[in-house]
Each structure stands twice: as structure tokens, then as C-alpha cells.
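S.K.: Single-letter residue listing:
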Amino acid sequence: MSKAIKKNTIQLKFDSARVYEPAIESKSAAKIKPVYDLFINGKFEKPLSKKYFNTINPASEEILSSVAMAGKADVNKAVLAARNAYERTWKKMPAAERAKYIYRIARMIQEKAREFAIIETLDGGKPIRESRDFDVPTAANHFFYYAGWADKLEYAFPNRKAMPLGVAGQIIPWNFPLLMAAWKIAPALATGNTVVLKPAETTPLTALKLAEIIQEADLPPGVVNIITGAGDTGANIVNHADINKIAFTGSTAVGKIIQRAIAGTNKKATLELGGKAANIIFDDAPLDQAVEGIINGIFFNQGHVCCAGSRLYVQESVYEQVIQKLKDRMETLIVGNPMDKNTDVGAINSREQLATIQRYIKLGNQEGAEMYQSACALPKKGFFCKPTIFTNVAQSNRIAQEEIFGPVLAIQSFRTDDEVIEKANNTAFGLSAGIWTDKGSKIFNLTSKMRAGVVWANTYNKFDPTSPFGGYKESGYGREGGLHGLFPYVKLV
Amino acid sequence: MAEKINKEKDCSTFGLRKINMIADKKNIAIPDFRHTAPVDQVGVEERASRFTKRSIKKETKLNGLLLALNMIDLTTLEGKDSDGKVKQLCYKAMHLHDAYPGLPTVAAICVYPSMVKVAKAALGDSGIKVAAVATAFPSGQSSRAVKLSDTRFALANGADEIDMVISRGKFLQGEYNYVFDEIAAIKDACGDTRLKVILETGELGTYDKVRKASEIAMYAGADFIKTSTGKISPAATMPVTLVMLEAIRDFYYATGKRIAMKPAGGISKSKLALYYLVMLNEVLGEAWMNNHWFRFGASSLANDILMQLEKERTGVYQSPNYFSID
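Heads up: the sequence lines are chains A and B, in that order. Our numbering puts the first residue of the first sequence at 10, with every later residue one more than the last. Our numbering puts the first residue of the second sequence at 112, with every later residue one more than the last.
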């Protein structure tokens, strides 16, 4: 703080920006059952493992529900159900009929949007504004989009016949639980595959709510099976001999294990793994909007975003100005109860993740970087972390190299285009990047040189079902979304 | 906590020193107005719509409504304005709705120069200011001599604030120096009287130009920058106001001098007014959250706020017939 004053900067006061009267979304608008079983063959069934585990609200540490732990026998049962559904009904069904089911699921997500948003926020800790305005509508859109493709595959792959693969084993992360389920299930169904899906152990509830919808939508039993559990359950799915395709979104470490496990088998795979995206601000950029993009890039969903803009590169001539604006903007972020409609930054997803983030914050300080956190007060209960930025970061610092998966930003300055291209690509990851400049030609130059699957120009964290998403290098392979998202689920003959 | 108090103390003394320094005008470096900060249309509109996602309830809503009421420049700018109408408006400004005890007054009333005398007399010592639109309002299509004499006429009649219009034609021609000099000349004529500079953003066409015009006005001596005359559509919008607030912030960063803001035209509902206050609060902070630094130029907003206040007080909406139309 004293440092800022020495640099002759004026900081605006924002204490009043954080004191809106609470506007709490009502919990009672959503129904969460005390116990959830496994959704296999169109029914909720008790686990053969007889084991259950609790899922909690990370903002209050209260137990929300008890969820079945699928053991090996349960996975076998789910895969068998999916296989039978594939052979007996789903692969034979006319594509236009498949589309109707997918369309129906999309409509029902829209109808129950409020309930989904509440459960997503309670279970995962993200602000209700985000689950309401982003997660749920984007998930519904994904189903709508792929419903449209189901009977048009011959146009997606001209002069080829697109055949389904069979049973897809899908394992999804805890950062966008419903949306990731949509990303996985929608293209699989559209192309005629059946599904065994496992949500993350900290956030299983919206996937189970989706299972209820799927039941209500009268999807033929076994076409979608949703089983809950932890890493072992995931491993059992990956190693199951009767699975034809693995779709995984999660950490790079687990992605490598999966890759090893399926080596030498016939299983197709898409892996969407970690990231350490560079967000690059040139001196001719619209700075106020760029600052908004930095905020959105790193503090959206508490930074639990694989494509988060976690490395910021600012051109030297506007560096001081951008940092000053960024700090003032951070002071207006409202951190707290995710169920409050005014909350901008909610709860960290789990105690473990909070510990990881705190370890990296400590590391950043040890590495000699200069930390700034917004002055907000944190709730006493629950897992919370202040929005944090580090300046004076070196490319060799671990906070600039490793994925933190939290609201922590590592900032460096640069002078020339070549320098920033080199630095931005100097990472094991390659999922996304952001470029901010008023000059169109610079955008095209940079986008062609970024080794990243998605490059945003003058915006950040924009998603659309029509746009493919996926990584380079250790950020994985395969694309989800758009026409490209069909390809991993078909064999072309 | 201790660190925080220090921070605030340091900031304010620092700010003060800057302002003193600014009083010596030679110290402000005038930038090259051909190269002002670019604005991204998509980004600014997205950001502006984010403010409308705030949920304003209970105490915050009540305080916001009262504050908004207190920030209104109650306006009548018609060829058919009469002394009687202006007097009525002045009475309304002082007694917004006597059925509701303890209401604030509006900030000012805004009239043509010919009505300033009547308004001044009607408002007496109420503390409500009289703002006069001058400089060949609303088009500004006249000579500098006429504009200066229009301004002096308003001042001589006792105007507390002058609302001038910029020469949009010259601005769009790229004659930034002309626009700058004109504002500076009017400010010179105003002396200590606060000058509002109307950019007429509806005629400028892009956010980049709004930003440029804002900077020209502020560096030329504007005390307020104001979006619109109310005679052109579109008038004030949230994104346009956001661009201007950000220009004010950057000017404050650069010079330590606060500039006031007045969106005018098109803000007739209390909900929208509350979103403007949210935006003001989150872009410029609490120092701007009063009628010295922020105004709404509006004629029908007051009644909508009164209606909302009565609804908050009694729990039911009342018929518009219960609120006077002046």
C-alpha cells in the first residue's frame, strides 16, 4: 500500500461499493434429496458397494446430501446398461428421434433453470449470478445446439458416413458441473452413443438433478447413466474393457494417468486438461475494457477455470496505469455468500483447493513477487480467498508456471511483440490466450503465433456451443463444441 | 485495519495537495486530442449491463431513491415555457411531495436564460440552484460572440450554473482546438460559476468520440460533463455515461481534479436511476455520490421516484394522479 503512494498514484475509495443490502436467493426454491443413489438403466439404484459419501456447501461447510459411492461392480452394471441400450435401441433409432430427446432435455433444463442455478451454487460455491446467467443457460444452449446436429451428420461429414462409437465413459470436473455434463452428454447422444458419466465428488448434485430430468424426459433406459464417486470410480470407468471412448476434463496429472491406462487399447479419447493462459495487454488497447477482461479472466468462478487468464502480460508503457486501474477495480469486487445476488466472487470449491491456493500465495511471496489483495472482509465460515495479484513476477517463478486454479494472477510487463509471443508460449500448457489491442492486424499476427486452442481478442472467457474448445500440448487434445465437437464421438466410414 | 486508516489518510492529503497544485493551471499538461484512449464498444456495453445485475433492496434502495431525488436537475426547456410554468416547477423543486415528510429537494432547476430571473426569485434562499442552458442551446450553431453574450446574459440574471453545448460540427470536422478554445472561453466568462459541458453524445456516433469530447471538455475547464441536451435521440445511455465516468476517473488519476457528471434525457424510471448510482459508486466511488458531483437531468424521473418511495413506505403503489405534474 505504502508503495502505491510512493509512486504518486491516487487510489479511489470504494468502501461503499461493497455494502449493498443482502439480496439472498431462496434455498427453498430448489429441492435437494437427503440421499442420492446411482442413476443406472433409467432408475435410481442403491450402490452394490453400499457406500455413501457427503457433499457439502463450501460456503457454509454444511452437509447438503449423501451420495452413493459407485464401486467396481456398480461401474460394470452401468457400462452393461449403456451397452445394452446402445445395441438394442439407441444406435437403431432414427436420428431425428434422437434429436427430439436431446431437445426435450434442453427445454427441461430451461424450465428448471432457477432450481439448477441454486443447486449449482449451493454445491459448488460459485456466485448465484454466474450459475443463473452463465452455467445454466449455456448448458441448455449446448443441448439445443447438438439436438440440431443429430439428423444432419451427413452435412457435418460430407461424402462419409458417421457411425457412433458405442459406450462413452465421461469424467467431469467440479468447476462447471452442469455445463461440463452438457458438453459431454449432448454431442455423445447426438452422434448415437450411450453414456456413463461421473461427476466430480465435490459437486455431484446438478448432474443428479440432470438425471432426474433425463428420467422425466423418458430417454430410453441406459442411454445415459450417471454414477457418483471419487477417483477410483473414475479409474474403473477408464479401465473398463467395454468402453469405446473416454472423455475427460480435469487436471493434467490425471489426464496423463488416463493416457497411460488406455495406451494399447482401442479406446478413443478427448482430454481437456489444465491451463496457464496468457492475457496480453498492448499499449494501444482499450484499457478500461481490458481491465474488465483481466478481472473476468482470473476472478470469474473464483479462478476455477481451466482457461483462466492467470498470466497477465502488460506492455511497459501502460503498465503502471493498468495496475492502478486493476487495483481500483478489485476493490469493487464483492466477495462473500455465493447465494447473494450481488456477490462477484464466491467460495473456493473445497478445503483441499483452498489449501492449494494458499500454498501458492505463500510461494509467490517467498519467490519475491509483490502481492496485492483487495481489502474485502471474508466470511468466517466456509472456504474463501481474497482476489490476489502478484506483480514483479519472473517467468521462472512457479506461480507463473503452474496452474493454481484460484483467484491468483501473476503479472509481468513486456516491451516488444516478439518478446511477449515467446513468453506467452513458454509454458507446458496451451489451452487459451487473450489479446487486447485496437489494431486488427496485430490481433491476426498474434493469434496465428499463439500456441493455444482458443484465442480471445478484446474479450475473455466467452463461450458458445457453436465454437470449438480444446488445448495444445499438456492442455490436452480433442475439441468440444461446434462441428468439431462431433468428431471425437464418431468413426467415419 | 490500521493500515487501512493510514491509506485513506494518505490518499486524501495527497489528493488535496494535487488539487492545490491544479489551482495553478499552468501545471496541467494538455494532451494531444488526436490520440485519446480507445474504447471497445462490445466491452463497454457488456460492463454497463453488468451494473444492472446488482440487486438493490430495502435500505439500500430507499437511500438510493432519496439520493437520486436529491441529484435531479428538474428541467423545462421548451419554447412555450412561461413565467407561470417556471414558478410552478420551482415550487415543485422545493416541495416534491408534501404528503411524504422529510423528503430532500432536487439539486437544481434547469431553464433557458430568459427564465433565470423568475426561477431565482421563486427559489429564494431554498439552496436549490438555477442552471441555465446557454451558448445557442441546443444546436450551438452560432458565433462565439453570441454564445459568450448568451452566457453573460444568464450569469447577469443570477444563474448558479451554466450548461453549454459544444460545437459538434467543428468537433466532427476534427477541429479539436476550436472546440477546446470555445469551452475555455465560456469557462473564462463563467469565472467561479460551475460550467456543465454538454457533449450531445447522440450526435457524436461512437464511444471513441464520446471519450475524446469528454477529455477536451475537462482539460478546457469543464466542471461537469453532460451527455445530452434532451433534444436529440438517443440521449443518455448507461454505456455512454460509463465512458464519460471512466474519462473522469482517468482525468482524476492524471490531475487529482474531480469533475462532475450529468447524464440527461431518457432516465425516467427509478430503477434505471438506481443502476446509474450503482455504476457511479463502482466506477468513481463514494466521493462522487452526492449532488455536487453527480446530477440527473430529467423531468419525469422525480415523480417515478416519489411513486416508488410511497410504495416502499405504504407497501402499495398509488395512482399517478396523486403526484403533481408540473
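The set of hints was computed from the structure by calculation and includes no laboratory data. Do not take every clue at face value.
[Said to hold, decoys possible] Heads up, incomplete: computed chain A residues facing chain B, CB under 7 Å, no partners named: (1) Phe23; (2) Ser25; (3) Tyr29; (4) Glu30; (5) Ala32; (6) Asp297; (7) Gln298; (8) Glu301; (9) Lys350; (10) Asp447; (11) Ser450; (12) Thr456; (13) Ser457; (14) Arg460; (15) Val464; (16) Ala466.
[Claimed, not checked] Derived BS3-like pairs: lysine-lysine, alpha-carbon spacing no greater than 27 Å straight-line: (17) Lys448(A) <-> Lys368(B); (18) Lys265(A) <-> Lys432(A); (19) Lys395(A) <-> Lys22(A); (20) Lys320(B) <-> Lys350(A); (21) Lys422(B) <-> Lys22(A); (22) Lys164(B) <-> Lys371(A); (23) Lys382(B) <-> Lys389(A); (24) Lys228(B) <-> Lys336(A); (25) Lys350(A) <-> Lys281(B); (26) Lys471(A) <-> Lys422(B); (27) Lys320(B) <-> Lys390(A); (28) Lys22(A) <-> Lys336(A); (29) Lys40(A) <-> Lys168(B); (30) Lys36(A) <-> Lys382(B); (31) Lys168(B) <-> Lys22(A); (32) Lys52(A) <-> Lys101(A); (33) Lys390(A) <-> Lys380(B); (34) Lys368(B) <-> Lys36(A); (35) Lys368(B) <-> Lys350(A); (36) Lys59(A) <-> Lys422(B); (37) Lys395(A) <-> Lys368(B); (38) Lys40(A) <-> Lys320(B); (39) Lys336(A) <-> Lys203(B); (40) Lys390(A) <-> Lys371(A).
In this text the structure is predicted, and so the values were computed from the model without any measurement. Built from N, CA and C at the ideal position, the CB exists for glycine as well.
S.K.: Could you run down the list of hints and mark each one as holding or not?
M.R.: Results of checking the hints against the structure:
Residue-level restraint check for Phe23(A) holds (minimum Cβ-Cβ distance to chain B is 5 Å; threshold 7 Å). The interface hint given for Ser25(A) is met, as the beta carbon of that residue sits about 4 Å from the closest beta carbon of chain B, less than 7 Å. Satisfaction of the interface hint for Tyr29(A) is found here, the shortest Cβ-Cβ separation to chain B being roughly 5 Å, below the 7 Å cut-off. About 4 Å separates the beta-carbon of Glu30(A) from the nearest beta-carbon of chain B, less than 7 Å, and the hint is met.
Checking Ala32(A) against chain B: minimum C-beta separation of about 3 Å stays under 7 Å; hint holds. The closest approach between the C-beta of Asp297(A) and any C-beta of chain B is roughly 5 Å, which is under the 7 Å cut-off, so the hint is satisfied. Checking Gln298(A) against chain B: minimum C-beta separation of about 3 Å stays under 7 Å; hint holds. The beta carbon of Glu301(A) comes within 5 Å of a beta carbon in chain B, closer than 7 Å, and the hint placing it at the interface holds.
Given hint, Lys350(A) at the interface with chain B, holds; its Cβ is 4 Å from that chain's nearest Cβ, closer than 7 Å. Because the closest C-beta pair between Asp447(A) and chain B is about 4 Å apart, less than 7 Å, the hint holds. Interface hint at Ser450(A): violated, since its Cβ lies 15 Å from the closest Cβ of chain B, which is beyond the 7 Å cut-off. Below 7 Å, beta-carbon pairs count as interface contacts, and Thr456(A) has none with chain B, the closest being about 17 Å; its hint is therefore violated.
For Ser457(A), the interface hint is violated, since its Cβ never comes within 7 Å of a Cβ in chain B; the closest pair sits about 22 Å apart. Taking 7 Å as the C-beta contact cut-off toward chain B, the hint placing Arg460(A) at the interface is violated, the least distance being around 25 Å. Checking Val464(A) against chain B: minimum C-beta separation of about 16 Å lies over 7 Å; hint violated. Annotation: interface hint on Ala466(A) violated; nearest CB of chain B at approximately 10 Å, more than 7 Å.
Our distance criterion of 27 Å between C-alpha atoms is broken by Lys448(A) and Lys368(B), whose separation comes to about 32 Å. As the CA atoms of Lys265(A) and Lys432(A) are separated by approximately 25 Å, the hinted pair is consistent with the 27 Å bound. Distance check on the hinted pair: Lys395(A) and Lys22(A) sit about 18 Å apart at the alpha-carbon level, within 27 Å; holds. Straight-line distance between C-alpha atoms of Lys320(B) and Lys350(A) comes to about 35 Å, which puts the hinted pair past the 27 Å bound.
A threshold of 27 Å between alpha carbons decides the hint, and for Lys422(B) with Lys22(A) the separation of about 33 Å lies outside it, so the pair is violated. In summary, the hint linking Lys164(B) to Lys371(A) is not supported, as the alpha carbons are separated by about 34 Å, beyond the 27 Å threshold. For the hint pairing Lys382(B) with Lys389(A), the CA-to-CA distance comes to about 33 Å; that exceeds 27 Å, so the pair is violated. For the hint linking Lys228(B) to Lys336(A), the alpha-carbon distance of about 48 Å lies beyond 27 Å, and the restraint is violated.
Distance restraint check for Lys350(A) and Lys281(B): the Cα-Cα separation of roughly 46 Å exceeds the 27 Å cut-off, and the hinted pair is therefore not satisfied. Distance hint between Lys471(A) and Lys422(B) is unfulfilled; the C-alpha atoms sit about 40 Å from each other, more than 27 Å. The straight-line distance between the Cα atoms of Lys320(B) and Lys390(A) is roughly 48 Å, outside the 27 Å bound, and the hint therefore fails. Of the supplied pair hints, the one linking Lys22(A) and Lys336(A) holds, its CA atoms being roughly 11 Å apart against a limit of 27 Å.
Restraint check for Lys40(A) and Lys168(B): the C-alpha separation of about 26 Å stays at or below 27 Å, so the hint holds. Proposed proximity of Lys36(A) and Lys382(B) is supported: the alpha carbons are some 26 Å apart, at most 27 Å. For the given pair, Lys168(B) sits about 23 Å from Lys22(A) by alpha-carbon distance, which is consistent with the 27 Å threshold. Note on Lys52(A) and Lys101(A): the hinted pairing holds, with a Cα-Cα distance of about 22 Å set against a maximum of 27 Å.
A hinted pair counts as satisfied when its Cα atoms are at most 27 Å apart, and Lys390(A) with Lys380(B) does not qualify at roughly 39 Å. Only pairs whose Cα atoms come within 27 Å are accepted, and Lys368(B) paired with Lys36(A) is rejected, the gap being roughly 47 Å. Distance restraint check for Lys368(B) and Lys350(A): the Cα-Cα separation of roughly 35 Å exceeds the 27 Å cut-off, and the hinted pair is therefore not satisfied. Using a Cα cut-off of 27 Å, the hinted pair Lys59(A) and Lys422(B) is violated, with the two alpha carbons roughly 56 Å apart.
For the proposed pair Lys395(A) and Lys368(B), the alpha carbon gap of about 31 Å is over 27 Å, so the pair is violated. Annotation: proposed proximity of Lys40(A) to Lys320(B) is violated, straight-line Cα distance about 51 Å (limit 27 Å). About 43 Å separates the Cα atoms of Lys336(A) and Lys203(B), which puts this hinted pair outside 27 Å; it is violated. Annotation: proposed proximity of Lys390(A) to Lys371(A) holds, straight-line Cα distance about 21 Å (limit 27 Å).
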